[in-house]
Structures are given as C-alpha cells and as structure tokens.
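Protein sequence lines correspond, in order, to chains A, B and C. Just so you know, the first sequence maps onto residues 0 to 260 in numbering that gives the first Met the number 0. Just so you know, the second sequence maps onto residues 0 to 298 in numbering that gives the first Met the number 0. Just so you know, the third sequence maps onto residues 0 to 194 in numbering that gives the first Met the number 0.
Keep in mind that the hints were calculated from the coordinates and are not lab data.
Which chain B residues face chain C? A few, computed with CB under 7 Å, are given here:
id : residue
1  : D14
2  : D16
3  : R20
4  : L21
5  : P104
In this text, a Cβ means the ideal position worked out from N, Cα and C, and glycines have one as well.
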Amino acid sequence: MAGKGGATPSTYSPSPTTQKTKSLSFGNDEVLRPDDREWHQCRPAFFQIGVVAAAAGSAYADFGSTKVIVSVFGPRESKKAVMYSDIGRLNCTVSYTNFATPVRGQGSDHKEFSSMLHKALEGAIILETFPKTTVDVFALVLESGGSDLPVVISCASLALADAGIMMYDLVTSVSVSCLGKNLVLDPTLEEESHQDGSLILTCMPSRDEVTQLTITGEWSTPKINEGMKICTDACSKFSQIMKSCLKGFDSALEEEDSNVD
Amino acid sequence: MVLPDASGDVLSEMDVDSFRRLFPLRFFETHLVKSTRPDGRSLAEARETSSALGAVASADGSALVKIGSTRMLAAIKMEVMTPSKESPDEGCIAIDFHMPPICSPTVRPGRPAEAAPVVSKQLSDTILSCGMINLKELSLISGKAAWMAYLDIYCLDADGALFDAALLSAVAAFSHLQIPVVSMNDDGKVVVLSGDHGGKEPVNKGKRKLTLSSIPFSLTCLLHKNYILADPTAEEESVMETLVTVVLDSSGQLVSLYKPGGPVLAYTSAIQDCVALTRQRARELQMILDEVTSGMEVD
Amino acid sequence: MGEDSEWVTPGEVLGKASKFKAGRGAYVSPDNLTVYASLTGLRRILSPPPDSPDQRPTVEVTGHKAHGAIPEPGSIVIARVTKVMARMASADIMCLGTKSVREKFTGIIRLQDVRATEIDKVDMHMSFHPGDIVRAVVLSLGDARAYYLSTAKNELGVISAQSAAGATMVPISWTEMQCPLTGQIEQRKVAKVGG
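Given only the sequences and the hints, what does the whole structure look like? Please build it.
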C-alpha cells in the first residue's frame, strides 16, 4: 500500500503527552533542576557560523536540546510588491521542523516568533546601509528544547554578523521562568510547561540597551528586577561566546564559566 | 575608428567571477574540454560524502548526510495507527521532503520550492518499491495496531544532487531507527514502556530494529553534449539542465531511472554509462553507510 | 593576545569620537560620542591627510567578508537585457564593477537614457535585444521595482550580443554589430570598447 497521500490513517504518539515527571518540586531550594543545573545556570551553549554555504551568512546554535539554524540572504532585491524605501528592509521568518516538538507537528511558520524576531533585531541593524533592498533572516528550529525564541534571536544576530550586515551591536537574548518562588534561567521545555511566568530579555550587550522585553504571567516588581538582572548577566556572558565564535575561537560555553554564580 | 572584437575584449578585461556569472555555459565548457570541473573534480567524480547518525535526539531514528555542501537531516518518528482491513498485518511509512527557506536563495517563505514535491514523490516511490523495508515488521497487533513511520527529510543546504543526498539520509535514518518498546494499556492504547515494565508485557519484545534488505543507492548525472558529470552542484544543474538519476539496490539491480526531460536526448550508451557510474558510487555509499552503522553498534 | 586584539566584532568600542573619525565598518553613537564597530574584522587606524583640517585619525574595520555589493547611483554595472519595450528595456544586473552579484537586481533603461544625443530618434528595438549584455551606469535607485540605468555615454551600451544565427557578433560601428557566420548586420547601441 502507498505510504502516504490523502488516505493517511489517523495516528497517535505512543509517548505519554504530559510527562508526569518525578514530582517537579520547584518550591524546594534543595532540589536541583531535572538536568542538575543550578537555578541561574544556563545550559551548555554552542555556536557556529558559516554552516549554510548557499546563504550569505548563517549560524547554528545548540543550547542543550534546543537546536536552531539561521540563514541570512541579501541585501537583495525586495520581493513582493513592496513600496519604494530609502532604507533597507528586514524580513524574518521562524519555522519548526515536523520533528522539533515531542509530538510530531506540522512544521508551519511560527507567525508570533517571526514578528518577535523581527522586532528584536530591527533596532540593531543599520538599515540605512542597504537602501531599497531587503535582508532576509530565516530561522529553522531543528529541535525544540525550551527557550526557543531567545536562542533563535541570538543565533540570528550571529548569522547577520556572518553575512556582513552592518549592526550597532550583537543581539543576545535569554529567558527566565518563574517557578514557584524560584527564578529559573534558560528554562527547558519541561520547565516552561510548569512556569507561572516568563521573562524574555533581548539586549545589545556592549551598548547596555534593551531591544525587547517580554513579560508574561504572574510577576512581582522585585521579581522582575531580579529576573532582568539575571538575564542581563547571562546576555553579557553569551555575547562573549558569540564574539569568540565570530573571531574563530572555540565557542562552546565552558562548564566552569557557567557554574560561576 | 578601431573597434576590436567585442567579446574578446569583454572577456579579457573581465575577471573570472564576472565571466562565470555572465557566460556560465562557456565558463563550464572551458573546463569540460580539459575533463575537469571548476571545483577541481573530474567529470565522473562525486563530492566528499559523510554521514552521522542520531542527530535528532527527540526522534526514534535520525541521520545527517553531507554530499559536498548539500546537507540533509532526516528523522523518523514512530506513531501508532489502526492498520487497514486489506493489510491488517502491515504498518506504513509516510515520507516527506522539505526545502525550508534556510537552504537556498531560491526558496522563499510561503512559496514552496518547485523541486520539493518532486523529490518527495521520487523518494516515496523508491523507498516503498525497492523492498528495503518489510511493512509486516511494522505490525504490532494484527488488525488492531501497527506502526506508522513518519520520515521527514529537511534540506539544510541545497547545492545540487538533492535526491541522492535525501535518499542516503533516509536509508541512514532507517538504519539508526530504534523502535520504542510498547505495551497495550487498559484503554486499548499502545504506550511506551518506561524503564520498569510496571507488570505490563511488551507487545514488540525483540523487534526494535528493522531488517533492511536491498538498500537503494542513487547517483544523479548531468548530460551536456557528450559529457557526463556525476553528482552535479546547484550551479551545474542550473547551467546544464539534463539530469539522469539512477537508483540501484545493494545487489546492483536497477530500482528506478529518472530522466525528467531536459534539452539533451540521451543515447542508450549514455544511460549505460550513468548506470555504470552509479554502480561504482553505490559501492562507495555502502562503505560510508557500513562505517557509520558499525560505529553505532560500538556505542 | 597579540594580533587577536586587533579583531573586533559589531558593537565593540573602537575609541572616543573626540580622538577618532569613524571609517568603513564603524559608526559614532550620538549618545556617548563613542566610535563602535559595525562589522567583524580587523581594526585599522588611518592617519589623516596632512592638509586635512580635521586632524583626527580614521578608525575602520576591514578584512572580514562584508555583505555583497548593492547598486548605488554612479555604479557601473553589467546587465543582461530581459525585455525590450517601446519606451524602455528591462535588464538584470549581474555584475557591479568587476564583481558578480550573488543573485540579481532588476534595472530599467528608459528611452531617454539610451544615448546622449538625438534622444528623440532612439528606437528601443534598434538599441537592445533580449539576451544582450550591456554596460550601464546606475542613475538612481529608481522606483519600487527597478534601478534606473543609463547607457548615454560612449563607453556604455551593448558589450556582447548574439546574432539571430546564434553567434557572438562583432561591433562594426557605434550602432551596428555583425554576425561572423552570416554577415548579417544588426542594430544596437554599441559600447566603445577598451575605453
């Protein structure tokens, strides 16, 4: 029989959908995170540039089980019937592979992330340097392991730098989840599914400027301040890794580094 | 007024890069007459090929394949279905080939690449007809439950010979596939058994790997005049448009042959040459596959 | 660090604006009057010309790949004619200067920009044919669709064309090219070569 086509029978994943984890007791200070990290510790991060030969610039990022590739094309002729513009245009699309999520998805474009990526990067790019033309930033999430958007944003900024697009600064992004009374840096998918609130901070680290701040869920003011502080510190750490990646040095986050808190 | 030969002058003052862009066919022909190609390969030579298994942790089987700059990521996710009445003892395989916008400047979001559905269909036809996988091995409980193997192949970097790279990644992903151990729960649903079996008997004990018989290997060749170029790059494919793809199985038998039109009408002898090149290539690919799968068993 | 210290990435501080001018791959932030890098590459300092009123050295970032060139007014381009209409011809810009562009940019040559003299006598179909390779100058960024190109100079115009018989033609005057196979003469706006 044919393996595919309109008559594909309905299927289901044999994996339990909501993982009843060994009691995620996040309220308890003694307990470490499921992957044994400290609360304010990031996952091991790895960046690489120049991974897609067909693109003008590209980057790969892997934070634990979150893996993304970003390709940059252009500056090139603006497609579609767009208005004439004296400055350049930025066009961003984020999509997922069908196998990115624990339960097989449909791999469609992620409209919300596409627009968030655009807004996170727009302010950092010197659009005046490529009048009338468009720079396309396409991200593909190969595997979704949590904190997907921040990883996509940081990776996209590296790909833009690799493509030689003029920028005011690199853009780094990181998120914290509010879990009970704890703030959890760079949360995994599992931690995100239990969070009471989420804070994503995107900044230009050398210039100390925030390009995007997204806060959802329940937060107290002191918690927001604490969350922003944790994120800013993590962003400056990531920017060091990204810089050494661009300079061609080993770009993996050293374990010792990430343990310092 | 002296006006020397325009084209000669244009060529002499133009650098190689511009000449290649403006007169691609002439550029390639200057290499072909010397039996070489711009990237230094001989005409019959395929690009460096490598494979790595298990690239996607969340999938049941996966592989990354690289042929030159062309890169494919294939992953299989196993789901459960009720088999059809006509074949109660068989599972199913669904194959999809994707060209996301990251892979090529010619693909834009919302406008799928023309090549993608064509390659998708060719892959399905090849994999399902070559007899590599016995669909009976995907059965769980006769008439009640069987596996549906979703194979998704993503092109991460498109530089020609997409079908060849996609097929190799598909084969490698199947060789890496570990079927989850499952049992039937009280609601009649098939669920994955965790570490301790919780008293449940697995329904597919000892059937974690598929037997892969007669593995298909392919080689795409470009025909231009009397030249045959093996394993073309994207640029070569765009300049010279007649492609022939030959698929042979591990025992050297012909599985399929595609020649989707093109300006060159191939003589039988050219087709025979393509088959001979594919035979040689199949041996190389078999070795690459053996190497990565043996590495897996050591783990 | 030695030579590594010369490598910079976007956002790295290159110096104070009071001490340096920003060159290529660098910009000045008006907020704190600091010069920053906008590209990845090697930081270089260029001394000002001795007669310059501004005696600050220029700091620039070079060496790493910058993005592919884009057409700007005044750029000399090589383009392939795609379509010839009564009042204009469309052409795909393939090269900027001597460098090829990765993809292509669309340009148009309007009737009034084909040649410098006797503009009212220009016939587009006697000037260009689809497939011709022309050298042109970018007049302006044009409109939403295309860059405006001009061939109104002696050294601009068709630099390579195929005859109806498929052979590369030889220019025989400013307005004519000849097929080496059939001897047939075709009309073109021919570029003066070697200029």
